[in-house]
Amino acid sequence: MAFAGSISANAFEFNLSPDITGRWDNTIQYIGGMRAQGIDSGIGNSPFFDESDYKYGHAGSIVTNRVSDLTEFNLSYRQEYGFRVSASLFKDFAYTDSVQFNPGLAAPGVPYSALGTYPGNKYSSYTRSYYVNGTQPLDAFAYGNFDIGGHSTAIKLGRLTQIWGTAIFFGDQSISYAQNPVDGIKGSASPGSTLKELALPRAQFYVQTAITPELSLAAQYFFEFEHNLLPEGGTYLGLSDFLFYGPSQLLGAVPHGDDFRPKNVDNNFGVRATWSPSFLAGGNLGFYYRRLDEAQPWVLFGQNPATGASNYHLAYNQGTQLFGVSAEAGIGILSTGFEVSYRHNTALNSVAGPQPADLSGSSGARGDTINLIGNAMMPLSKTPFYEGGFALAEVAFTQRVGSIKNAALYNGTSNLAACPTGSKWDGCSTNGSVVAAMQFDPQWLQVFPGVDLDMPVFVMYGLYGNTPSLSTAIGNQGALIYTVGLHAAVYNKYNITLQYNGYHSHTSGSTSFAPGGPAFYAGGNGAFMWNDKPWISLTLQTTF
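So the sequence shown is numbered by this note's numbering: it starts at 333 and just counts up by one.
No wet-lab data here; the hints were simulated from the structure. For glycine and all other residues, C-beta sits at the position ideal for the given N, C-alpha and C. Accuracy of the hints is not assured; some may be wrong.
[Unchecked claim] In silico lysine-lysine, BS3-like type, Cα no more than 25 Å apart, as pairs:
1) K595 x K488
2) K518 x K528
3) K518 x K423
[Unchecked claim] Derived Cβ-Cβ restraints for the label pairs, each shown as a range:
4) S349 x W776: 46 to 54 Å
5) V816 x G754: 31 to 39 Å
6) R355 x S580: 41 to 49 Å
Work out the full structure, taking the sequences as your base and the hints as a guide.
Put into structure tokens, the structure is as follows:
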């Protein structure tokens with residue numbers, strides 16, 4: 333079971349003069365978690381997953397016990413100019429920096445600890461900073477609102493977030509792809525989080541101006557590259573023990589080499605035109621062009637050019653171009669959003685290589701994709717079963733088109749050199765894929781005096797195929813992520829939520845690390861390493 337409490341303290345507001353006002357907010361949160369299922373030996377016997385599976389290896393283990401503070405400071409002059417800074421601080425009392433292992437032998441005479449991914453079997457400073465205790469700077473920007481030639485214009489400079497398009501859940505297929513780094517650590521532990529909740533700030537210059545009452549233009553230019561935050565190896569929801577930025581060795585032997593990382597200033601920019609014609613009755617059309625470096629890394633093998641020694645490392649695709657169109661409109665009681673984007677020279681799902689022409693392993697496979705997203709939200713009318721609430725659904729489609737660069741590395745079902753089984757059930761990409769998500773939240777008012785209840789349910793499911801694009805594969809065909817909860821709002825001040833969080837993906841075959849070693853799953857499709865990690869959460873929140 334997980335226990336969580338949140339207190340949003342009253343803001344500290346002050347006036348330095350009639351024109352200068354300030355506000356300081358602190359949101360203090362406690363969150364904990366308890367594992368609901370024991371270890372599946374098909375996962376726990378794998379030297380690629382045992383550190384995460386055995387970190388909290390029993391049903392009933394407390395998997396997180398975190399206290400955090402989100403602090404936000406805003407200062408404004410005449411409500412037209414100002415700046416904002418924010419940061420988060422946390423301490424997780426469930427986490428120590430000790431790495432845990434399967435207590436058995438991976439092969440005759442070889443303990444799992446000999447295959448560890450952290451030297452000395454202790455977390456690196458990076459992993460500690462996101463799981464044990466740490467501070468994370470967030471927003472830091474100045475802003476101003478101006479009248480330029482009769483056009484209302486807003487300018488921001490610094491670290492901030494902007495999310496373009498209409499996508500709610502599916503960032504990998506969205507117009508906002510790699511516009512901001514994504515907090516995948518939070519996303520893995522909080523199924524159903526929206527893109528806005530997971531976006532992290534990035535240094536940029538941003539400007540938006542109203543050309544006419546119906547037409548506005550916006551542009552941004554970036555001064556910082558930031559990668560996605562991803563679940564780290566050796567933590568409860570790690571995707572693989574040797575990944576991503578914290579672990580420093582594979583199977584106790586192959587070192588994590590230098591990553592191929594874009595420069596901070598690398599001609600990353602975007603422009604947007606938004607048209608709100610009267611016939612859309614409050615809706616709008618958006619048109620986009622972006623040049624971007626991707627925030628999701630390939631995992632590649634390579635050789636150190638100075639020594640010839642082998643390593644594994646992360647590499648990021650650079651110079652992707654995105655063209656997009658979006659639409660938002662009300663259709664009856666539905667609020668709808670649609671978007672289509674074309675990505676040129678985007679990163680594709682790749683095997684680790686390396687290729688003879690690129691022994692350092694600087695790039696995976698690249699190609700072009702078309703991405704479509706549609707979503708709709710509707711209020712729930714009163715029925716004999718509930719009194720209100722809302723329902724929300726989103727579907728995302730990806731289709732690979734054209735030729736492939738570095739085609740030998742493309743992990744697709746048609747490339748038997750990279751995908752020997754030719755099967756999507758082993759995680760190999762198909763040319764097209766469809767994934768869907770739904771949130772259903774019925775509500776019951778005044779069940780007890782001062783108490784409203786609702787029942788949030790979230791489901792994400794891979795309907796067809798595995799995306800050809802580079803991703804964490806959590807939306808592959810047959811992959812299921814879900815939550816079922818019960819939430820009580822007491823006097824509109826106290827919030828209590830009991831929730832179950834579950835995961836299931838297809839597994840395939842059986843293998844072992846060496847003859848005579850214990851068997852484990854040979855592979856799977858989606859995040860099958862989470863199959864034995866459901867957890868229950870209890871959240872208490874009060875605002876005053």
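Evaluated hints:
1. K595 x K488: Holds, because 22 Å separates the two Cα atoms, which is no more than 25 Å.
2. K518 x K528: 12 Å, holds
3. K518 x K423: 15 Å, holds
4. S349 x W776: 46 to 54 Å: Holds: the Cβ-Cβ distance is about 49 Å, inside 46 to 54 Å.
5. V816 x G754: 31 to 39 Å: 37 Å, holds
6. R355 x S580: 41 to 49 Å: 42 Å, holds
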